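Colleague: What follows is each chain in one-letter form.
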Amino acid sequence: MCLSVPSKVVEIHDDATVTVDTLGVKRRVSCHLITDPLQIGDFVLIHIGFVMNKIDHKDAQESLELYQQIVAQMELETEQ
Amino acid sequence: MISLNDFYQGFRDPQTIRHLAQLIAQQAAKTTQQINIMEVCGGHTHTIMKYGILQLLPSNIHFIHGPGCPVCVMPKERIDHAAVLASQTDTILVTLGDMIRVPGSKGSLAQFRSEGCDIRPIYDPLDTLAIARDNPDKTVIFFAIGFETSTPMTAALLAQAEAQNIDNILFHINHVLVPPAIDVVMSDSRSKVNAFIGPAHVSVISGSKIYQSTVDKYKTPVVVSGFEPVDVMESILRIVRQKVAGKAELDNQYSRSVSYEGNIAAQQLVDKYFMVRDSFRWRGLGPIANSALTLRPEYQHRDAERIYAHILPTVEIDDHKACMCGDILRGLANPKDCKVFGRGCSPQSPLGSCMVSSEGACNAYYRYGEVNNAN
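Just so you know, the sequences run in chain order A and B. If you use the working numbering, the first sequence closes out at 80, no skipped numbers anywhere. If you use the working numbering, the second sequence closes out at 455, no skipped numbers anywhere.
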């Protein structure tokens, strides 16, 4: 039960719910636990039918770039 | 621009995992000490087993599986409570996920359902509202389970039930807290744990701050970690770096969604409806003071445990003698130490809760043991 799943906001509704896309699966989830307004295109963490928080694009991007640098550096060392 | 696929593929990339393993090995070679990391949460146990992380690690890094699976730590007498509540002719019992399969002393909720009790597994706590509206002549009891991650969702359901004047929803509260369980593990003189990976989703709600006392009290690193394999590998690397440097600090690997303070709105909602319970008996760990929540007095009219107290059993029931779930939850035993693992106890026919829950350590070893050739 403890999986918290990254999803993308694809539709916003009037009743404090949004529709999210989780790798192609769409479902409506509650926004009762967050105060920041959501926009279409935001990435969020879902847990048992609720948006728990937004995922910070910039931070995620920086992590992925860091990993790419690690891969490039390690492969360079392996070649030498 | 980042895509949804990046969140899945980017944090599962085999090449990145392999290179992080090399960095971990390089760092670990700088110390002779044994690094025993407890992953508190069953979600991490599954990532570690599913992606074969154990076999990527150097010999001085060990994982010890922790007590952070809400299904695993539920004592039998609480499941018996649920069964008794569901057995009333005018009630509907709703609960989440795996809870329905965990054996109580007289069988699992699934068995009670097959015998005619109205027990409904749900994915979303707010589904309870519609069930209650559709069944005005019944009392709908939400059997609430989970750690800090899931408690706000129960609070949101209660808030909606109050706001919409839906009076036929009651709650049986079994929400538990991570830090007191860590205290039990660490205060055991047999404990070998000297570092922690903390579950990110707990801290999305509660903030990384809940582990500050663990860091200070036990002088052990805590890294709050995401659940993807790259997240876990990066967290291991951060722990090893701390160990090599002789540090014990609180660190947050999952900064893309976890802050030090956490989700304040969710915390306020929890505080409004819940207070700390004096004591709660955990499966395997026994009674732990201040380790769980209960409804505040002003919401006692929603408390099924109070309203049905006259029919709920009070006897404490321990696990089968052959079952080692208790020691496994304390981090003192490995699933494969258990004599009934894979013999008398399997996911199809579980004896203990660590095998029942899809996030339990025994279940993970059973499903993915061959991947890791785990001993």
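Hints may contain errors.
One side only, chain A facing chain B, incomplete, derived with CB under 10 angstroms [stated by the list, open to error]:
(1) Ser4
(2) His32
(3) His47
Mimicking EDC-like on lysine to aspartate or glutamate, the simulated pairs with C-alpha atoms at most 16 angstroms apart in a straight line are [what the hints assert, rightly or not]:
(4) B:Lys352 / B:Glu242
(5) B:Lys352 / B:Asp399
(6) A:Lys26 / B:Asp204
(7) B:Lys272 / B:Asp383
(8) A:Lys8 / A:Asp42
(9) A:Lys8 / B:Asp383
(10) B:Lys297 / B:Glu329
(11) B:Lys218 / B:Asp247
(12) A:Lys58 / A:Glu79
(13) B:Lys299 / B:Asp263
(14) A:Lys58 / B:Asp407
(15) A:Lys54 / B:Glu341
No lab work stands behind these hints: they were computed from the structure. This structure is a prediction, so every number in the text was calculated from the model and none was measured. Where is the CB? At the ideal position from N, CA and C, for every residue including glycine.
Colleague: The structure should be examined with respect to each hint, and the outcome stated for every one.
Modeller: Comparing the hints with the structure gives:
1. Hint status for Ser4 (chain A) relative to chain B: holds, with the closest Cβ pair at about 4 angstroms, below 10 angstroms.
2. For His32 (chain A), the shortest C-beta to C-beta distance to chain B is roughly 4 angstroms, which falls under 10 angstroms, so the interface hint holds.
3. At a threshold of 10 angstroms, the smallest CB-CB gap from His47 (chain A) to chain B is about 6 angstroms, leaving the interface hint in force.
4. For the suggested pair Lys352 (chain B) and Glu242 (chain B), the alpha carbons sit about 13 angstroms apart, so the restraint of at most 16 angstroms is met.
5. A C-alpha spacing of about 35 angstroms is found between Lys352 (chain B) and Asp399 (chain B), which places the hinted pair above 16 angstroms, so the restraint is violated.
6. With a C-alpha separation of about 15 angstroms, the suggested pairing of Lys26 (chain A) with Asp204 (chain B) holds against the 16 angstroms cut-off.
7. Distance restraint check for Lys272 (chain B) and Asp383 (chain B): the Cα-Cα separation of roughly 40 angstroms exceeds the 16 angstroms cut-off, and the hinted pair is therefore not satisfied.
8. This hinted pair checks out: Lys8 (chain A) and Asp42 (chain A) have alpha carbons roughly 6 angstroms apart, not beyond 16 angstroms.
9. Note on Lys8 (chain A) and Asp383 (chain B): the hinted pairing is violated, with a Cα-Cα distance of about 36 angstroms set against a maximum of 16 angstroms.
10. Between the alpha carbons of Lys297 (chain B) and Glu329 (chain B) the distance comes to roughly 11 angstroms, so the proposed pair stays at or under 16 angstroms and holds.
11. With a C-alpha separation of about 10 angstroms, the suggested pair Lys218 (chain B) and Asp247 (chain B) falls inside the 16 angstroms cut-off, and the hint holds.
12. Taking the CA atoms of Lys58 (chain A) and Glu79 (chain A), the gap is about 32 angstroms. The hint is violated against a cut of 16 angstroms.
13. Under the criterion of a C-alpha separation no larger than 16 angstroms, the hint pairing Lys299 (chain B) with Asp263 (chain B) is consistent with the structure, at around 13 angstroms.
14. Among the hinted pairs, Lys58 (chain A) with Asp407 (chain B) is inconsistent with the structure: their alpha-carbon atoms are about 42 angstroms apart, more than 16 angstroms.
15. Annotation: proposed proximity of Lys54 (chain A) to Glu341 (chain B) holds, straight-line Cα distance about 15 angstroms (limit 16 angstroms).
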